[in-house]
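With the hints as a guide, dock the two chains, each given alone in a separate frame, to form the complex.
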Amino acid sequence: MIRTQISLEERDYSLVKMEAKSLGIPVAEFVRRALQQALRPHGEGQWMRFAGFVETGNPRSSRSIDEIVYGQKD
Amino acid sequence: MAKKTECYVDTSALIAFLDRSDSFHPLFRRLFSEPPPLIVSALVIVEGHGWFLRRYDQRRAVQFLAFIDALPGLTIRSFDAAELAKAALVVKKFADQRLTLADAHGLAVMRELRIACCWSTDRRLGLEGAGLVV
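The listed protein sequences derive, respectively, from chains C and Z.
The working numbering puts the first residue of the first sequence at 1, with every later residue one more than the last.
The working numbering puts the first residue of the second sequence at 1, with every later residue one more than the last.
Next comes chain Z alone, as it looks inside the complex (with noise of 0.2 Å):
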């Protein structure tokens, strides 16, 4: 049997995992070098994807890619019509937090499968309770 997915993963996470610039690095280095069972949005691997084209070009976004196909135990959670009315019924509930679909997704599928624990650096990614690292 799969092991249960601890912990919902953000692009804030992702980005202080790969820029060595960010003050959170050394802390993302540590906990990605040992994962555990990590679930992930459709939309923040393509915000991750994003961030790569616009700060950088297409080969740093396809080493993205790579890294993101390299992470092991990463389940992606994909993002259909049904995702969207859930993430947009987050949208309206937090309507003075600017989220952005991906982060509110991110709060759907935590509430969803009751998982308490996210890698961010992102406050707003606790605002249905679950515990951030940072």
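So that you can see chain C by itself, here it is in the shape it has in the complex (with noise of 0.2 Å):
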């Protein structure tokens, strides 16, 4: 892994460290997973930069749709 320094806006830096505590993931994890999203990996099309951006932590995540959007039946 190459080691190296980059220069963010105070406010930029801010929300990456939310974002990155939300997520239970150091600031440099996050970094990495936002460059890997934005560089279109070799050989894939563009949508595939998509693929797995967010993260519930919720390995049922897809077979709960209807009571995130529909909320749950009282």
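Keep in mind that the hints were calculated from the coordinates and are not lab data.
This structure is a prediction, so every number in the text was calculated from the model and none was measured.
There could be a bad hint or two in this list.
Restricting the straight-line Cα-Cα distance to at most 25 Å, the calculated cross-link-like pairs of lysine to any residue (SDA-like) are [stated by the list, open to error]:
1. C:Lys17 / Z:Arg59
2. Z:Lys93 / C:Arg63
3. Z:Lys93 / Z:Leu71
4. Z:Lys92 / C:Gln72
5. C:Lys17 / Z:Tyr56
6. C:Lys21 / Z:Val62
7. C:Lys21 / Z:Leu53
8. Z:Lys4 / Z:Gly50
9. Z:Lys92 / C:Tyr70
10. C:Lys21 / Z:Ala61
11. C:Lys17 / C:Ala34
12. Z:Lys92 / Z:Arg77
13. Z:Lys93 / C:Tyr70
14. Z:Lys4 / C:Gln46
15. C:Lys17 / Z:Arg60
16. Z:Lys93 / C:Gln46
17. Z:Lys93 / Z:Ala42
18. C:Lys17 / Z:Leu53
19. C:Lys21 / Z:Ser21
If you want it as structure tokens, here you go:
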């Protein structure tokens, strides 16, 4: 792995820290993931950069869509 | 001549692809990497967008729309009064299944176009006989 330094706007850095904390990962890991999403993978279509772009922490995410969109039935 | 639509895509397949936490993510990552001609109900797009709005925020909901826009070979089946009538019949037919209109429209589209393959993690999308990829 290459070690490098980048400069961020204060507001962006705060947002990055907040997002990383909400995912339970270090800022560096968050930045690495953001870069992977931004860079077009070799040989893959543009749409593939969206693969796994969110991380809910719920392995049943795709099977609980109705609960999120329509709410729980009383 | 355009290639024949091969598979119907349900909201659950889109979420499984986009959410790295989902247990079906690796499967849908592989499937979406080389997608055949696909068809989706406009209601699925509404549902997916709503999922991102409720679960996350406007920014991610817009990213979802950008993904839909970038996906090649995707046909979006519109939803109008005639499509509502077809979906309503399906809802009534499977009244015990608590289908959403998006589910019912998907079932109606698959039956009408004789689509035998459905990308979904929701067993109910197989009610009319289409084979699910999970």
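Hints and how they fare:
no.: 1; hint: C:Lys17 / Z:Arg59; verdict: holds (17 Å)
no.: 2; hint: Z:Lys93 / C:Arg63; verdict: holds (22 Å)
no.: 3; hint: Z:Lys93 / Z:Leu71; verdict: violated (33 Å)
no.: 4; hint: Z:Lys92 / C:Gln72; verdict: holds (21 Å)
no.: 5; hint: C:Lys17 / Z:Tyr56; verdict: holds (17 Å)
no.: 6; hint: C:Lys21 / Z:Val62; verdict: holds (23 Å)
no.: 7; hint: C:Lys21 / Z:Leu53; verdict: holds (21 Å)
no.: 8; hint: Z:Lys4 / Z:Gly50; verdict: violated (29 Å)
no.: 9; hint: Z:Lys92 / C:Tyr70; verdict: holds (19 Å)
no.: 10; hint: C:Lys21 / Z:Ala61; verdict: holds (21 Å)
no.: 11; hint: C:Lys17 / C:Ala34; verdict: holds (13 Å)
no.: 12; hint: Z:Lys92 / Z:Arg77; verdict: holds (21 Å)
no.: 13; hint: Z:Lys93 / C:Tyr70; verdict: holds (21 Å)
no.: 14; hint: Z:Lys4 / C:Gln46; verdict: holds (23 Å)
no.: 15; hint: C:Lys17 / Z:Arg60; verdict: holds (18 Å)
no.: 16; hint: Z:Lys93 / C:Gln46; verdict: violated (40 Å)
no.: 17; hint: Z:Lys93 / Z:Ala42; verdict: holds (22 Å)
no.: 18; hint: C:Lys17 / Z:Leu53; verdict: holds (22 Å)
no.: 19; hint: C:Lys21 / Z:Ser21; verdict: holds (17 Å)
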